[in-house]
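**Student:** What follows is each chain in one-letter form.
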Amino acid sequence: MRLGSVMKGGILGIGFAAGTWFGGWLAIPILAFLWGLATKAAPFVAGLTAGTAWGVLLLMDWGSGALGRLVGRLGGTFHVPGFTLVLVTLLFAAGLAWAAARLGSAIGAWRRN
Amino acid sequence: MTRRSAGNLTALVLLAVLLILGRFRLGPVPPLGHFLDPAHGVWAVAAGAELPDSAAGGVPNLSEPVRVLFDDRGVPHIFAQTRLDAIRALGYVVARDRLFQLEIQAKAGAGRLTELLGPRLLPLDRETRRLGLPDAAELKFEAAKRAPAGVEALNAYAAGVNAWIDHLRPSDVPLEYHLLGRRPARWRPIDAIHLTNRMGYTLSFNGDDLTHEEAAAAVGRAAADALFPVNSPIQEPIQPNGSGAPRFDFTRLPPPGRGEGDLLSGAFREESDAIGSNNWAVMPWRTANHRTLLAGDPHLQLTLPSIWYEVHIVVPDSLDVYGVTIPGLPFIILGFNRDVAWSFTNTESDVLDRYVETVDDSTRPERYLVDGAWRPLRIRFDNYYGPDKSVLATDTLRFTHRGPLSLVGGRWMSTRWTALESPMQPGLLLEAAAAASVAEWQRAMARYAVPAQNMIVADRDGHIAIRSTGRFPIRPGDGRGDLLRDGSTSAADWLGDWPLESYPAANDPKQGYLASANQQPIDPRISPRYLGSNWYAPWRALRINQLLRADSAATPETMMRYQTDPGSPRADLFVPAFVAAGRKADDPGPRKAAELLAGWDRRYTRENTRAVLFEAAMDELSRRTWDELGAGPRPSSAILAQLLADSSSAWWDDHWTTPVERRDAILRAALGAALSKTVSSLGEPDGERWRWDRNRHANIYHLLRIPALSALGLPIEGGISTVNPSSGGGEEGASWRMVVELGPEVRAWGTYPGGQSGNPASSRYLDRLPRWLEGTLDTLRVPRSETDLRGHVRSVLTLESAR
Chain A
-8 MRLGSVMKGG ILGIGFAAGT WFGGWLAIPI LAFLWGLATK AAPFVAGLTA
42 GTAWGVLLLM DWGSGALGRL VGRLGGTFHV PGFTLVLVTL LFAAGLAWAA
92 ARLGSAIGAW RRN
Chain B
271 MTRRSAGNLT ALVLLAVLLI LGRFRLGPVP PLGHFLDPAH GVWAVAAGAE
321 LPDSAAGGVP NLSEPVRVLF DDRGVPHIFA QTRLDAIRAL GYVVARDRLF
371 QLEIQAKAGA GRLTELLGPR LLPLDRETRR LGLPDAAELK FEAAKRAPAG
421 VEALNAYAAG VNAWIDHLRP SDVPLEYHLL GRRPARWRPI DAIHLTNRMG
471 YTLSFNGDDL THEEAAAAVG RAAADALFPV NSPIQEPIQP NGSGAPRFDF
521 TRLPPPGRGE GDLLSGAFRE ESDAIGSNNW AVMPWRTANH RTLLAGDPHL
571 QLTLPSIWYE VHIVVPDSLD VYGVTIPGLP FIILGFNRDV AWSFTNTESD
621 VLDRYVETVD DSTRPERYLV DGAWRPLRIR FDNYYGPDKS VLATDTLRFT
671 HRGPLSLVGG RWMSTRWTAL ESPMQPGLLL EAAAAASVAE WQRAMARYAV
721 PAQNMIVADR DGHIAIRSTG RFPIRPGDGR GDLLRDGSTS AADWLGDWPL
771 ESYPAANDPK QGYLASANQQ PIDPRISPRY LGSNWYAPWR ALRINQLLRA
821 DSAATPETMM RYQTDPGSPR ADLFVPAFVA AGRKADDPGP RKAAELLAGW
871 DRRYTRENTR AVLFEAAMDE LSRRTWDELG AGPRPSSAIL AQLLADSSSA
921 WWDDHWTTPV ERRDAILRAA LGAALSKTVS SLGEPDGERW RWDRNRHANI
971 YHLLRIPALS ALGLPIEGGI STVNPSSGGG EEGASWRMVV ELGPEVRAWG
1021 TYPGGQSGNP ASSRYLDRLP RWLEGTLDTL RVPRSETDLR GHVRSVLTLE
1071 SAR
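If you read the protein sequences in the order shown, they are chains A and B. The opening position of the first sequence corresponds to residue -8 in our numbering, with each subsequent residue numbered one higher. The opening position of the second sequence corresponds to residue 271 in our numbering, with each subsequent residue numbered one higher.
No lab work stands behind these hints: they were computed from the structure. Note that CB positions come from ideal geometry on N, CA and C, so glycine has one too. Incorrect hints may have been included.
Said to hold, decoys possible - Partial selection, computed: residues in chain B whose CB lies under 8 angstroms from chain A:
(1) 284
(2) 288
(3) 306
(4) 449
(5) 451
(6) 1031
Full structure from sequences and hints, please.
**Tutor:** What follows is the structure, encoded as structure tokens:
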């Protein structure tokens, strides 16, 4: 992957994290859609980046041990292993971003044609 | 369709599905978008789980900034310049740690749980409203508003709670709201009254009259009077009677007779013997270091988070009080200051009467008859709302001049109950908290009304006192409240309240100590006046008195040990009877069971392997003895003990069999059946499965009863009627244990099951549980100033006045 793509991915990741932080979860599909619309990058990059961005936001609280306790208790609440919920969270963001980017990309391509 | 088109279609469908799942609740699954959002959703709860090193907040109308130092046990020490500032800060810190608990408890008292939890809570809300609790709260609040001093504390507390709510960050929203998909509601001053009413319900609602009626319908009034008596057959009263030993008033029980009255099947049930609270105080001349000692351990339903929140409040020259408060109430309930310590047990007095009313319409009454004239019922229509504000149901609530009217067993009955009438009194405990002596403390609490409590208090000068304090009604006629009353005559109405000087009480007794454990407060030979009936069996009281009488050099350590003492006067009384009868049995089963019990030290330790057999035998004995009562209420084990002294009583006879059984035959049958059942469920007696801690557990449920947020199956010491009693379901227990030594410097120890934080992700959610299970207490830090706490401060909160 070229440096430029990595940087673009990094900027998108920061955008996803900042968008979520300040605007909420809908920032993910909106930013991903715009990303797809504006670039020719593969949609899976958006998915991967969104999952990573949410993962980083989750890990911000790892140090206190509170997240570990929360993962365990939430898993118990929903009768699933705790890590499943973490996985669902990351996949939810990744799925939203991939699908929105893919649609954005398709519309962008259609407009360019 | 090309691969690209198929991919685009897949993306479109996936996006639509994820957006729908993200935006809308599907059954029990909350909207996933907000829920999973790591910055605003459920994961953010982790960020708010631990106390920050420092924080700042704003609370309206603070006269001066307030500093709150959280110590290494998570206890806030509030340093304020005025009492009202301290109350505002208390509201703020309680909301910070227990916001969901505040709302759910208040909604439970207000009969509005459906608004938070949905329609499945409708039956509970209906029950609350039909009892008249929310209606009474509204009337009390209106009355309180007429005396502004009364609501000042409630308003200040609400300001503190709402200051926290108004500035909630995503990480401050409790987990439960994320699970429910709701937002916290603002706190209203009246919510404190709803909460107090709920406590009044827990501690003073009783069905003695219904129990008596049901028993009379099965075995006649004379037998019902004896089985559910006004006076306990074992006297070890709270107010010492001077005898220095328990007295056993074991008279012959009248035989079962013909049923009288209408059957009120299952109208009311309450579990006796299984739960209860303790407190005691020892004068300096009976303690090792000649300082006054006080111990208290109220037993209540155990929940996560705990019903209690530990706090220390310092207001210069005004207040320096440490103890536990109930989230939602603007004062410390049980605790101590530098001079005085206090603790409560429930008085178990009868402060509720039911009146059988004559109404004009058996289905939709509008009037009721009193002294030959019809009076209009007060009628209100109540709506129950769902979380989405939709109306779930509407009820018509009716009230006579006595209280709420409801159908019980096909009869319209109104309920008069002190809990519905007595005002909220936030000022009393605040005033008492500043007392410098037992006398001052008792003066401050003299007007206390509901729920009636056995209030023990001790001071640094060596004085101790106890008083059963509360509003006790004076009834007409024989004064009894354990019988249904005729509502058609005003002559059945209460005549007034007991004067303070008649309350059961004792100060600085000759015996050098005082104790209470929910037993009958006063020896009927000293005061025959009706205070209640069907008292808790006094086994815990017997054991506490036994321990304190034998200890002439008490220490804080012995006090702590006594709080979890596994000894059982109940087992001491019944086991010898079982053993004597069983050893004479022809059958091997009862003989073997008798030998097994004979080898038991009668202590409910974790490792003992005989208590399971004894409890099974007691259950069998009770079931077989009281067979005439059918599925109705069973008398307490104190009555069974009384019956034990009469080997030929007609009660021993199994009325389903032709031969006439006597005591020993029933004891043997109970033993045989108990052994057989225990072996069948737990295997042979020598196995580990007979261990008490394999069979008796504490189960501390989260307020939403979510197992993953609860602490379940905790092995414990203690059993039915030990000083540290445990119930079958394990949901009740010592909700707070405290020992205080009042010397030149106050020293105190305490703990409760759970932790200060209501956040299940917090290290402070369950941190106190291991020591509670061990029966050990933490040393409480009682700094006079902020500097005294140096080296033990975990977090500092500064509150300033905000608009």
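**Student:** Could you run down the list of hints and mark each one as holding or not?
**Tutor:** So, going through the hints one by one against the coordinates:
A distance limit of 8 angstroms between C-beta atoms decides the matter here; for residue 284 (chain B) the minimum to chain A is near 4 angstroms, and the interface restraint holds. Restraint check, residue 288 (chain B) versus chain A: the minimum CB separation of about 5 angstroms is within 8 angstroms; hint holds. Contact between residue 306 (chain B) and chain A, as hinted, is supported at the beta carbon level, the nearest pair being about 4 angstroms apart and thus within 8 angstroms. For residue 449 (chain B), the shortest C-beta to C-beta distance to chain A is roughly 7 angstroms, which falls under 8 angstroms, so the interface hint holds.
Of the supplied interface hints, the one on residue 451 (chain B) is violated, with its beta-carbon coming no nearer than about 14 angstroms to a beta-carbon of chain A, more than 8 angstroms. A distance limit of 8 angstroms between C-beta atoms decides the matter here; for residue 1031 (chain B) the minimum to chain A is near 4 angstroms, and the interface restraint holds.
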